[in-house]
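Undergrad: What follows is the residue order along each chain.
Protein chains: 2
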Amino acid sequence: MALPMTSEDLLGPRLVTPSLPEGLDTPAVVIDLDVLEANIEAMAQAMAARGVALRPHFKTPKMIEVARRQLAAGSSGLTCATVGEAEVLADAGVNDVFIAYPVWPSGARALRLRALCDRIDLKVGVDSAAAAQALARAVARPVRVLVEIDCGDRRTGVPPEHAGVIAAAAADAGLTVQGVFTHGGQGYAPGERSRQAAEEEVAALQRAAAALQACGLPAGTVSAGSTPTAVLSARGVVTEERPGTYVFGDRQQVVIGSCRPQDIAAVIASTVVSTAVSGQFVLDAGAKTIGKDRPPWLPGHGAIPAYPQAVISRVSDHHAVCEVPDGARRPRVGEVVAVVPNHICPVVNLATEVVVARRGQQITRWTVDARAHNT
Amino acid sequence: MALPMTSEDLLGPRLVTPSLPEGLDTPAVVIDLDVLEANIEAMAQAMAARGVALRPHFKTPKMIEVARRQLAAGSSGLTCATVGEAEVLADAGVNDVFIAYPVWPSGARALRLRALCDRIDLKVGVDSAAAAQALARAVARPVRVLVEIDCGDRRTGVPPEHAGVIAAAAADAGLTVQGVFTHGGQGYAPGERSRQAAEEEVAALQRAAAALQACGLPAGTVSAGSTPTAVLSARGVVTEERPGTYVFGDRQQVVIGSCRPQDIAAVIASTVVSTAVSGQFVLDAGAKTIGKDRPPWLPGHGAIPAYPQAVISRVSDHHAVCEVPDGARRPRVGEVVAVVPNHICPVVNLATEVVVARRGQQITRWTVDARAHNT
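Those sequence lines, one after another, are chains A and B. Position one of the first sequence corresponds to residue 1 (our numbering), numbered consecutively onward. Position one of the second sequence corresponds to residue 1001 (our numbering), numbered consecutively onward.
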């Protein structure tokens, strides 16, 4: 799947220029519903073919309209990062939610967690005995927990061999140990890195499941997940995958090789507001719309498929400065262009609602229901 | 005003550790109302002493409660970046608003601009004849415009000598030319850069005003502005300053030297959720809360005054990874710490509401009224 890494690819000429609805107030996030539905179906089929449960991460779409389609396509439940996101899902009638995060339950959050446990089948991540004990006090019932392990991303999670200690502490505190989970975030890089990360996820989970087993706590759920690694894991260990970004795709995923250019379901419609400074044009989609995510292996803050030689070299709150080499084609002031963001997750979270289109025609708008539900 | 640039300063030991209200659901933006009011008063007095009108930029606070206090302290009106922000101000009864942005009026935005002109004294930025003509068609009345010039930031705005051509085109299209404006964004750097930028603003505005004069269009308003340059401009040319960030301050402004550590009015309360990976701790304030702004001259994605040796080396959507050197003090899991963001503008825009406190006691919450009003 990996694309060749020439500078041409990085600058985006392989990306598809989408048709945008006319008359949009820009900047606007525009979702291609046909592509979105195809992405949902393709991942569901890929996971079904592997016999693995698919629990998509809600932190990417944050929209109930998307979650409903994922569940209708056969997802076993949903993943989220915060209690606030889980509340949005519960309010929408989603019953099976895993907060794949080492939640610290204090203050109002403790009460909210307890209320959630009364309403839905909630599972919560833990990576310390202290958090497990605090969770048990907060919810006062045997809520199901998964122990987070670190498979090489060095963010959260204990070493696989320590999973048994945390699981035992959770069980002692009165919680129900459901299994182990990890996130191979180190796979967000081009080349062979995502394949290696998928192997690291599986190897670490295998060791962690064994560590639980040694404590007499079998891991019913062995959960891995990221969009780059979800389709690459070896069979037999992982019981569940939790990809999020696949639902929209983005420039980063294309360069990593985990989605194709035609799989990008979300772009930003943006107007050229200035061509006054030589060698560049300026878009109205600034950092408050396209974010500031720029991995070191991608030039610029997004790609403009219609003007592949333009590099979004700088973004401030309401401006994106796009440098164009001498002689290259460039848009005129007032023109609306589509920007493919580097990373779609923060882009959706910055929007209040999105425009939903089919074949370039706007058909509706969706609210970003869980936008900024960070607590 | 400039602080010495040792690595100690950059890591934040000079920053003040604020008292946070108890029992917050984290992550949360916490405003110290005493400091906020002092910042508003200090800038108002500084501008009054210089005989310059103060038109604070609304894109930083985006909260009517802040705007009201700025107007009460003597601001002549407010600046904003988008038609959507101007609508929020108009809805709150603010009558004098300048959209300091080269607005492209098409589609629904054209109608919205026209409606705004019926309600308030609106001024709009232009940096092309095409935009001036489109604006005239959209609003169908002699709305007041200011010509944007580039003073060295290379973002938007024509060269000062071209200001007359744009002004003449605007006048020919039926608009009222009110003056010229610029933004010395190149002053966002430590050392002498902000003082130089203030000089560049003044020199460029002087040339632009002369270019208008040569076309028989005197510049009634000569508007400069950024927090680093606002207090540094030479007297006599500039009639108006448009700083935004001063109202809260941030880590970047402290290092630039344009606010003191004790002037920081906004921090992020965040909980330590994991200490599982060696050499670090992880906060629940990730990129969806503290943003990703990191100028090359600042280490990390924010500062933690209580743990000055911790470097926020990496942020993902809901995690901030804070590296701590061996032997340095570090917080325990569950502890709540205050983070001083690198750049406050995107932080406020990511929040739905903020906690308002005096002397560490929560007194109210304010809605971020113009959050995500990007169109």
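Incorrect hints may appear among the rest.
A partial selection of chain B residues facing chain A, derived with a Cβ cut-off under 8 angstroms [stated by the list, open to error]: (1) G1107; (2) D1127; (3) Q1133; (4) R1137; (5) A1140; (6) R1141; (7) R1144; (8) H1318; (9) H1319; (10) P1346; (11) T1364; (12) T1367.
Hints in this document: simulated from the structure, not taken from any laboratory. Keep in mind it's a predicted model, so treat the numbers as computed, not measured. C-beta atoms are modelled at their ideal positions from N, C-alpha and C, and glycine is treated no differently.
Undergrad: State for each hint whether it applies.
TA: Against the structure, the hints come out as follows:
1. G1107: 4 angstroms, holds
2. D1127: Nearest chain A Cβ about 4 angstroms off; hint holds.
3. Q1133: 10 angstroms, violated
4. R1137: R1137/B check fails; min Cβ-Cβ to chain A is 12 angstroms, beyond 8 angstroms.
5. A1140: 18 angstroms, violated
6. R1141: Because about 21 angstroms separates R1141/B from the closest Cβ in chain A, which is outside the 8 angstroms limit, the hint is violated.
7. R1144: This interface hint is violated because 19 angstroms lies over the 8 angstroms limit.
8. H1318: 4 angstroms, holds
9. H1319: 6 angstroms, holds
10. P1346: 6 angstroms, holds
11. T1364: With a closest approach of 16 angstroms, the T1364/B hint is violated.
12. T1367: 12 angstroms, violated
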